[in-house]
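Undergrad: If you want the building blocks of each chain, they are given just below.
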Amino acid sequence: MMRFTQFVVDFLRAGFTGGILYWCWMLFLAFFIMLWGYGEYVQIANGMIVTNLNDQVSWGFYLANFVFMVGVAAAAVTVVFPAYVYKHKELHRIVILGEMLAIAAVVMCLLFVIAHMGRPDRLWHILPVIGIFNWPHAMLTWDVIVLSGYLLLNIIGGFYYLYKKYAGTEVNKTFYLTIVYIAIVWALSIHTVTAFLINTMPARPMWFHSVMPIKFITTAFAAGPSLIIIVFLLVRRFTPMKIADEAFHLLSQIVVWCLGIALFLTMSEIVTELYPATEHSLGLQYLMFGHNGLNSLVPYFWTALTLMVVSFVLLLIPRLRKNLTLLPFICAAAFIGIWIEKGMGLMLPGVIPTPIGEFAEYTPSHIELMVVGGVWAIGFFLLTFMLKGAVAVLLGEVSYQPRAGKQPVSSEQGEATI
Amino acid sequence: MPNQEKSKEKDSKLTTRRDFLRGAGNYTVASLSGAAMLLSNPKPAKANVTWAEHFQKNYRLMTEEEKQEAIERLETRYSEEYGQKVTVDGTPSIDGVLFGYALNIQKCIGCRRCVKACVAENNQSRGDEQQIEWIRVLRMEKGNFSAEDRDQHGYPESFGVQVGGNAYKPAGVVLEGQHYYEPDQVPEKDAFYFPMQCMQCEKPPCVKVCPVRTTYRDPDGIVVVDYNWCIGCRMCIGACPYWARRFNWGEPNLPKEELNPHTHYLGNRPRMKGVVEKCTYCVQRTRKGRWTACVEVCPVGARKFGNLLDPNSEIRKVLAKKKVFRLRADLNTYPKFFYFMD
Amino acid sequence: MMTSYRNYLSIMGLCLLAILSIKPALGAELPQNSECFESRDGMSQVNVHDTATGVVNVKCSPDTGGVLWWGDPFEGTIPMGDMEVEADYWHEEAVVKPREPQIDRNKMLTICGMACHNGVYVPIPYNKDPRPLKMHLDIIPDAMNLKHGKGSVWCLDCHHLVDRTKLIDNFGYSVSFNQPQKLCGKCHGQVYRSWRDGIHGKRIGMWDKGGKKRWWVCTECHNPHDVEQGDRNSGYAQLAPEPAPNLPKGMTNADHERMHHGPSKSESLH
Numbered sequence: 001m002m003r004f005t006q007f008v009v010d011f012l013r014a015g016f017t018g019g020i021l022y023w024c025w026m027l028f029l030a031f032f033i034m035l036w037g038y039g040e041y042v043q044i045a046n047g048m049i050v051t052n053l054n055d056q057v058s059w060g061f062y063l064a065n066f067v068f069m070v071g072v073a074a075a076a077v078t079v080v081f082p083a084y085v086y087k088h089k090e091l092h093r094i095v096i097l098g099e100m101l102a103i104a105a106v107v108m109c110l111l112f113v114i115a116h117m118g119r120p121d122r123l124w125h126i127l128p129v130i131g132i133f134n135w136p137h138a139m140l141t142w143d144v145i146v147l148s149g150y151l152l153l154n155i156i157g158g159f160y161y162l163y164k165k166y167a168g169t170e171v172n173k174t175f176y177l178t179i180v181y182i183a184i185v186w187a188l189s190i191h192t193v194t195a196f197l198i199n200t201m202p203a204r205p206m207w208f209h210s211v212m213p214i215k216f217i218t219t220a221f222a223a224g225p226s227l228i229i230i231v232f233l234l235v236r237r238f239t240p241m242k243i244a245d246e247a248f249h250l251l252s253q254i255v256v257w258c259l260g261i262a263l264f265l266t267m268s269e270i271v272t273e274l275y276p277a278t279e280h281s282l283g284l285q286y287l288m289f290g291h292n293g294l295n296s297l298v299p300y301f302w303t304a305l306t307l308m309v310v311s312f313v314l315l316l317i318p319r320l321r322k323n324l325t326l327l328p329f330i331c332a333a334a335f336i337g338i339w340i341e342k343g344m345g346l347m348l349p350g351v352i353p354t355p356i357g358e359f360a361e362y363t364p365s366h367i368e369l370m371v372v373g374g375v376w377a378i379g380f381f382l383l384t385f386m387l388k389g390a391v392a393v394l395l396g397e398v399s400y401q402p403r404a405g406k407q408p409v410s411s412e413q414g415e416a417t418i
Numbered sequence: 001m002p003n004q005e006k007s008k009e010k011d012s013k014l015t016t017r018r019d020f021l022r023g024a025g026n027y028t029v030a031s032l033s034g035a036a037m038l039l040s041n042p043k044p045a046k047a048n049v050t051w052a053e054h055f056q057k058n059y060r061l062m063t064e065e066e067k068q069e070a071i072e073r074l075e076t077r078y079s080e081e082y083g084q085k086v087t088v089d090g091t092p093s094i095d096g097v098l099f100g101y102a103l104n105i106q107k108c109i110g111c112r113r114c115v116k117a118c119v120a121e122n123n124q125s126r127g128d129e130q131q132i133e134w135i136r137v138l139r140m141e142k143g144n145f146s147a148e149d150r151d152q153h154g155y156p157e158s159f160g161v162q163v164g165g166n167a168y169k170p171a172g173v174v175l176e177g178q179h180y181y182e183p184d185q186v187p188e189k190d191a192f193y194f195p196m197q198c199m200q201c202e203k204p205p206c207v208k209v210c211p212v213r214t215t216y217r218d219p220d221g222i223v224v225v226d227y228n229w230c231i232g233c234r235m236c237i238g239a240c241p242y243w244a245r246r247f248n249w250g251e252p253n254l255p256k257e258e259l260n261p262h263t264h265y266l267g268n269r270p271r272m273k274g275v276v277e278k279c280t281y282c283v284q285r286t287r288k289g290r291w292t293a294c295v296e297v298c299p300v301g302a303r304k305f306g307n308l309l310d311p312n313s314e315i316r317k318v319l320a321k322k323k324v325f326r327l328r329a330d331l332n333t334y335p336k337f338f339y340f341m342d
Numbered sequence: 001m002m003t004s005y006r007n008y009l010s011i012m013g014l015c016l017l018a019i020l021s022i023k024p025a026l027g028a029e030l031p032q033n034s035e036c037f038e039s040r041d042g043m044s045q046v047n048v049h050d051t052a053t054g055v056v057n058v059k060c061s062p063d064t065g066g067v068l069w070w071g072d073p074f075e076g077t078i079p080m081g082d083m084e085v086e087a088d089y090w091h092e093e094a095v096v097k098p099r100e101p102q103i104d105r106n107k108m109l110t111i112c113g114m115a116c117h118n119g120v121y122v123p124i125p126y127n128k129d130p131r132p133l134k135m136h137l138d139i140i141p142d143a144m145n146l147k148h149g150k151g152s153v154w155c156l157d158c159h160h161l162v163d164r165t166k167l168i169d170n171f172g173y174s175v176s177f178n179q180p181q182k183l184c185g186k187c188h189g190q191v192y193r194s195w196r197d198g199i200h201g202k203r204i205g206m207w208d209k210g211g212k213k214r215w216w217v218c219t220e221c222h223n224p225h226d227v228e229q230g231d232r233n234s235g236y237a238q239l240a241p242e243p244a245p246n247l248p249k250g251m252t253n254a255d256h257e258r259m260h261h262g263p264s265k266s267e268s269l270h
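Residue numbers (UniProt numbering), protein chains in the order written: chain A, 1 to 418; chain B, 1 to 342; chain C, 1 to 270.
Since the hints were made in silico from the structure, they are not lab data.
One thing to keep in mind: the hints can contain errors.
[Claimed, not checked] Just a few of them, taken from the derived set where beta-carbon distance is under 7 Å, the chain C residues facing chain A:
1. I124
2. K128
3. P248
4. G250
5. N253
Bear in mind the structure is a predicted one, so any value in this text is a computation, not a measurement.
Just so you know, even glycine gets a beta-carbon here, dropped at the ideal spot from N, CA and C.
Pulled out of the complex, with its shape left as it was, chain A reads as follows (with noise of 0.2 Å):
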């Protein structure tokens, strides 16, 4: 139980160690943090008023944001499959990387899905036993089961990992590679409940297609790996952090075939949609075209689109994948393109129009960029926290003293990392 304790406080003082850059970045996610405070205050004290949401937009864009990190969370198995299941060597050393990630991503999931109740004070009437929970029949019931299941299962089997190389003991491996194949189950279970649960509704007829769940999961193994570059990419200039080429290498390799399949998908949603062009497809439309003037979204959706198509094709040729110093760049783009087209893309044709054919706009309010900004900033807050923490860890820079107690991380790594 020391032990424990030693592990929590040594991991929070390696996490919050850095240089200027690193508290520069921390203060500048700390603003976000703050605007969304203030944003969430004045949303819980007015309503949800503030929001640009309206009784013919009811969802916007909060629950975009929601849909898509979802996406991203569940792409941290894009990093545990190949480690566990293909044994990768590369990826197996940095698999805790990917976890701290998915943890990070579920957790603004969480907050996004907080900023788009009313009632948040009442969120109890929803957990079993002290609330009513109308299970299996509310597709929200599922969701909230695996998204909370997904973050115990990283937050489990992720700490477990690092508290064992911490105290530097074996790591019980039926134990431990239980939670990774269930995770890896998981992690396909959290988007496809999420997929459901918008795809589930006829009255919605732009997400009412059977394609939507694998669709969701291309995309989101596209977004997620572009994502994961980045960061890991950071992590290897930042850190003394090694991490090979190869992995590199396969991560993009997902990236590509999954933004291949996602844009199949896409194309195969708008023939079927405008060939017949059905009032179905109004949703549709009213995205790529925009309908009798009303086109606020036409240009997002062309934007998302040639990102996402550009960024496929300099992935398709190997020189330019290969090359690391681009490939973050084109890794942006698609997470961007994948960004607007999953995210508001795929949200606002679904209740635009109405199930009785009223068109209405909407864009949002400061409040509600500040709280999805502000969201995003504690996910990077914690996802750098934690990445760091978690490489000092892995690379043995903080251990378990058993005399010592407190062991300050050194300066000099202090100076190298972010």
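Let chain A serve as the given structure and place chains B and C on it in line with the hints.
TA: Same frame as chain A, but now just chains B and C:
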């Protein structure tokens, strides 16, 4: 914090000791959400919302005694808040009754009186800030065909080969209504009107998706919401194919003098911010035998309402003698709201 | 008010005085929220006042002057009484709002019924050829513009030959203005049957079996002198609609809706 609590206790002096204790018992369970509640209710007018109200059970699961307590709590609070005697009714479903509705779209003139009657009866929020109306009247173009359009505007346009024509203006295309029509007089010559509200589906998709079972179908077929249990996730709004549900985005604006003091727990009692509401077939009226506000106010008698289980009821006569249809029957929601024509 | 039309003989003096001193206020401007109309503007007025239960009897629309909400659906009603219809209201308490006070708002029935149209003095017409009225064009607004039956009916097909305060049935017996269905049902049999079933027309009050219902009679909704309503050829007169709902947040107009239904040239994709 302690000060706040004390004042809270004073404010709710009419609350029974038991209520307070019960609330206190739940403190530990949900003290976090309680703190959030304090934050969310900064207005002094709302300060007398008792703790017991925050921690009460889902209405459907309460015992008769608990229901009575919950109702008395509300009556006390509403009466204080609105400065008049407000009654909250808890009448359950009547045996042998299944409510049904039929609307004669041939008769409807689009005057929107039903919309406003509903607001007057059901205590919705009103005003520019937040206007909630449960009924929406769509204007349907009667449409027209013209010789000039016969040979033009086919599709695909501009590809040379014409496939199909466009010699029409939308001829009453379902679900392509106009919502904001404002002519001097209705009915207009070139339009008919199509009011929509909650269809009280037998298989309501909104009930299915509710994660906390705060919305449910009562035995008389009315889909109701326990406003005190709703978490405001708006899944039901997404799932409703009839766009029948509304959300209290902000604190509802209901002037004291416009309040309808005869309320029902599951119906028209004043709502709070952050919860969903919808048409309840005026449950506070219909469970006492009275027609709904919209039926009574329709100047052309287009609205018919009654007991589907009574073969002699008006609604059953409509079903027997008229050609009726239900909206979006393909979704298997089995609405109990029928449309018919003479 | 309610009793005056019944015991008019006893208060005729009063009424005579009244007509001399008060200008008829038929369809005049409505004082704010104190009076509104049910279905026919000007011919189905109701005054707003508090009821015994503490609520108002009706709430009126501030925008259109129409009744918006019924606090007391039975106010001013009388038992449907001797109506000879075989509807199944026999097990219920059925009431109607008498039409005579409504028609008598300018004291027409009261005074004319005593002075000229009491069945004695009125000149008996020679034949049924329609012709302009010699009198009262001022007080019978639709007298010169009968839009009912495309010229195949005239005044005395409905109004009593000598007793102008009454209508007639098929046998020439008088029918009260309070029971126009007995007259209208002569020709409009199908609608009449629907009305008895509760499918056509309107009832308010209690929906439940055995509950008290107020039946609305034909002339509460339809203007018998102008059922055609011009080109519209509809039995119901046009009304001013209640205001449109607020636009969704962030929208400044709903032009995109109109464009969609506008001329085909502006049609884009759909």
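Undergrad: Hints the structure violates: just list their numbers, smallest first.
TA: As far as the earlier hints go, 1, 2 and 5 are violated by this structure, in ascending order.
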